[in-house]
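K.L.:
Assemble the complex: chain Y is given as a structure, and chain V must be docked to it using the hints.
Number of protein chains: 2
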Amino acid sequence: MPVYKAPLRDVKFLMHELLDAPAQLAKMPFYAENDTADGDLMNQVLEEAARFVEGELLPLNAVGDQEGCTRHDDGSVTTPTGFKAAYNKYRAAGWTALDADPAFGGQGMPHLISNVLVEMMNSTNVAWSMYPGLSHGAYSALHAVGSEELKAIYLPKIVSGEWTGTMCLTEPHAGTDLGIIRTKATANADGSYAISGTKIFISAGEHDLTPNIVHLVLARLEGSPEGTKGISLFLVPKFLVNEDGSPGERNGVVCGSIEHKMGIHGNATALLNFDGATGYLVGEINKGMNHMFIMMNAARLGTGLQGLGIGETAYQNALAYAKDRTQMRHEPRVNPGENADPIIVHPDVRRMLLTGKAYTEAGRAMAMWLALSIDTEHHHPDEAARKEAADLVALLTPIAKAFMTDNGFNIAVQSQQVFGGHGYIREWGMEQYVRDARIGQIYEGTNGIQALDLLGRKVLMDGGKKLQKLATILQTFIEENEGEDDLAAMLDQLGKAANQLGSLTMVVGQKAMSGPEGADEVNAVAVDYLRFFGHVVYGYLWARMAKIAHAKIAAGQDRDGFYLAKVQTAQFYFAKLFPETKALAATIKAGNESLAVDDRMFGLERALVGA
Amino acid sequence: MPVYKAPLRDVKFLMHELLDAPAQLAKMPFYAENDTADGDLMNQVLEEAARFVEGELLPLNAVGDQEGCTRHDDGSVTTPTGFKAAYNKYRAAGWTALDADPAFGGQGMPHLISNVLVEMMNSTNVAWSMYPGLSHGAYSALHAVGSEELKAIYLPKIVSGEWTGTMCLTEPHAGTDLGIIRTKATANADGSYAISGTKIFISAGEHDLTPNIVHLVLARLEGSPEGTKGISLFLVPKFLVNEDGSPGERNGVVCGSIEHKMGIHGNATALLNFDGATGYLVGEINKGMNHMFIMMNAARLGTGLQGLGIGETAYQNALAYAKDRTQMRHEPRVNPGENADPIIVHPDVRRMLLTGKAYTEAGRAMAMWLALSIDTEHHHPDEAARKEAADLVALLTPIAKAFMTDNGFNIAVQSQQVFGGHGYIREWGMEQYVRDARIGQIYEGTNGIQALDLLGRKVLMDGGKKLQKLATILQTFIEENEGEDDLAAMLDQLGKAANQLGSLTMVVGQKAMSGPEGADEVNAVAVDYLRFFGHVVYGYLWARMAKIAHAKIAAGQDRDGFYLAKVQTAQFYFAKLFPETKALAATIKAGNESLAVDDRMFGLERALVGA
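Those protein sequence lines, which keep their order, are chains Y and V.
For the first sequence, the residue numbers in UniProt numbering are 1 to 611.
For the second sequence, the residue numbers in UniProt numbering are 1 to 611.
By construction, these hints were calculated from the structure, which means they are not laboratory data.
Just to be clear, a hint being listed does not mean it is correct.
For chains that are exact copies, the list does not tell them apart, and a pair is met inside one copy or across any two.
[To be verified] With a straight-line Cα cutoff of 16 Å, these simulated EDC-like cross-link-like pairs (lysine to aspartate or glutamate) come out:
#1 K323 to D599
#2 K323 to E338
#3 K496 to E338
#4 K323 to D598
#5 K469 to E48
#6 K151 to E47
#7 K84 to E67
#8 K184 to E222
Excised from the complex, chain Y in its bound form (with noise of 0.2 Å):
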């Protein structure tokens, strides 16, 4: 059975050490005047967090994987045994509302506890993790763009845990593309909406933690324009809400089948039929792909974590296994009278466990830098500093999102390697890290639309604004460590890497504004453009933990190793990992070029590009 610590130790390190989190936060009136921001309060919610995480998610992992969800004829869905009892542990224990709004019922602690949490959740149960994860997501755009009237019914049911959320977007025509969405909306007479479609893939579409349901859906109203400029937000309660607040008709949405998939199997992922269900409007009409972004960047942060979490407990177990597992014999030998040593000697074992603990640490400080400028985003008391904030977490999201279940998913297969044969085998638990993990590249905006989002959106669509904003943090950090000998063969191979980020930036946006096939140019190389990016983001992160641990060791306060391994493993990111990007720059210098083939290589019928 696989094992699992909360990584604390790391935790407190990146929040007092790398981040001075608690003095950031109190700048924030909001923490301030809700006492959230006590550095030793998050400590200790985190420390309460990972006990909940170990008891009662990580028992359920396999439970969840072995059992599945179960839809009946009345299209009720039966989640596994124990899902239920662990959520109502969950929910007693306020963690559903742990960074929603006080107005709502919620604790009102910082993004950067939430984001800790939720890391420790995926380790231990991805599947279980999404009940209160979608639900989230829906709390964000409802609580950002609800009406006073919407908000006040709905929210504090969702902030207590009561009911869950779902987002319902994709259908079976339409997944990246949600212009040519078919679910229709009429206005009734009561100024509710009547919905109708077909929505697919819905990731905790339907189960039995909770008395209610609250989808958000989006549809076209009847009228609106062809298009993303058409779609408007609706919330579609499963069951319709008495004067008293409690569940009372039946609604017009059922859960038509539910998926069996790769993996996240304790998780429903739902057909939900529309029939002429009850909606209500959520913000603005034909707004709805805008309030829609609210819940998506929540989720694809969220779907990031899972990235980091599965990566943190895949590491962990394979270490486990190779301290324990003897195979062949190293000199000099450690069990010189036994008939093999422990396979972590081997320094092949070594270079796969220091991958997972190396893109993991450094995705541990992306996200929770990304969640520390969330809460400057919504709280700062200076605009400009909300400002700031805003643009670093839109280039981080889709880095976040992709980057994150891209390494996470490699971790998984990596550390399965570890165990060997044993790896392949269900009672070992790796293949499941491996299956749970995939699933986190594919959904919430392919990792392909995330590269999209970063090269088109976020860096060339505002002339390179926000890119030169991150770039300015990268030189300030390389100048002012100029002549520190410890840290300079990194901050040599940082510098010139983002360097060439820039200059890669540039021929890509070039190329982008040379004519109609500009968007190609960008299409074809976004991708590797996310993962060079990705690596100068993390390579920054490293440099700047092992300048606090050079510090500290130089300091004589590294008691324990941990800032020793914190330059190590630095180290080793500069040494093994980030030459990747050698081989990116000159991928992304090839371009579209030899993407733009004969369109008989594919036995096309027709030709389709310049057709």
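P.N.:
Chain V in isolation, oriented as in the chain Y frame:
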């Protein structure tokens, strides 16, 4: 449901145009005498093979995954619905005998042909194909080193497919490290041996396809030395064989359980308990490891062909989906009257498809080159030619196993990505390819072990002689084509990388001899070295294929665009995949230094390295 069409056009291109195989094989008396080297005959056999796999194996692939195998209380195992009927058709058509020795009922066809058959079988049903696959490995070892008596009794049954064979190596505590196995052999008075011990992960170890199973088992004869030098190989039939050749008394080997695995559900992975089972020595006492490697080398190439086969079918299905699925609009529009264009117009989708195509076609070229070299090694009349071929086979086998399975897995993952959310759903079949492909990287010697075999044993142990022979082949090709404008850019990249492979080998070789840490230096870089090496081999083959294709185009013989596709895929390979060598060169140069971290990093209670 997944689709698959055997890539006969490409196979014929490689067989006739790249390898000039009929002429090469005609030089070998064995094939000349058996009339099995005729080009038309080989084409016909492969067309027949394509019909078999498409018609019989493909429809059973999902069935096998969903049903899996069932073990009963008596230790017997039932294979999935249809497996036995397909096996009977396979036998009846003579496929089990295809490349076997006519002296034992075989058809004496070249390995080149059976290699293609195995690729096609793996494209359509890996789990099913492992039953005859393992049998073939057992055939190879028994044919090479078995006594005439054993061969007379068992080989005709294995060749005809009446019985199947297995390889019993792994034990619970001994996978990579076979020197520490505990299974014991005790001499009986009649010249046979009593075998006792537990073997795990025995593919095709128990099933209902045939009335008998022939296990080849590694065990230590009482009194033999410790380690690999004290291991012998034994033949242990499930049923002892009567005088008339029919299965008789049940032998003391029983399937104790079958594993629940990530994939290849249709193949029974058995734990076998040997309890004083009667066994017969195969080859010489204490030479078991050498004899085992006869099977193992066959199994390694066979495993590489799993990666190749799954890569091909995953690519084909992604291509079909990408032409059918419409999503987003492309400028210029392909479907101007409809609301979306087929996703194959998007360059990032083409990048994913071309990655599959480029790795698969190069892999097929390497596998067929290797297979023809095996034919040459065994049957060429000239001893020097046999030795040359043997060296090439030795060098390329670990690359074929590791590079093809790593690429095959990555292609399966990337092809699944083309499907978006549908790729994660079982009914589309893509997620099964990912799960089935994963085992190829693990078994028959993990890919890490393949890398050590390549760098440590095949390259460094003979002072680089085998490597030098390959380098000469490449250098000759490059020099012969100097001044060919069409190839200049590719040959420039290839030549530089080939030189770099030499210099990297020198650097690692020097470190390897530098003292007790030398072994760690090899271990630290072997995986990256194998990948670098693989790219050099694939680059060479792409350049050769491009040369042939350019000539055909220049001669006006490219009617259907096949040769243009070869040229463009070669260009894609050098533009987008080959540049990985830039990163690998850096990580190989970085060596072991960043891996030799302080042991406290891993929470080790005592120092391990340098202890």
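K.L.:
None of the hints should be skipped; say for each whether it holds.
P.N.:
To see whether the hints hold, each was checked on the structure:
Only between protomers do K323 and D599 lie at most 16 Å apart by alpha-carbon distance; the minimum there is 11 Å, versus 52 Å within a single protomer. In this assembly of identical chains, K323 and E338 lie within 16 Å of each other by CA distance solely inside one copy; the values are 15 Å within and 59 Å between copies. In this assembly of identical chains, K496 and E338 lie within 16 Å of each other by CA distance neither inside one copy nor across copies; the values are 49 Å within and 46 Å between. Only between protomers do K323 and D598 lie at most 16 Å apart by alpha-carbon distance; the minimum there is 14 Å, versus 53 Å within a single protomer.
In the homo-oligomer, the alpha carbons of K469 and E48 never lie at most 16 Å apart, since the shortest distance is 37 Å inside one protomer and 63 Å across protomers. Neither within a single protomer nor between protomers do K151 and E47 lie at most 16 Å apart by alpha-carbon distance, with minima of 32 Å and 67 Å respectively. For a Cα distance limit of 16 Å, the shortest separation of K84 from E67 inside one copy, 14 Å, qualifies, whereas the shortest one across copies, 30 Å, does not. With identical chains, the CA atoms of K184 and E222 are at most 16 Å apart within one copy only, with a shortest distance of 7 Å there and 78 Å across copies.
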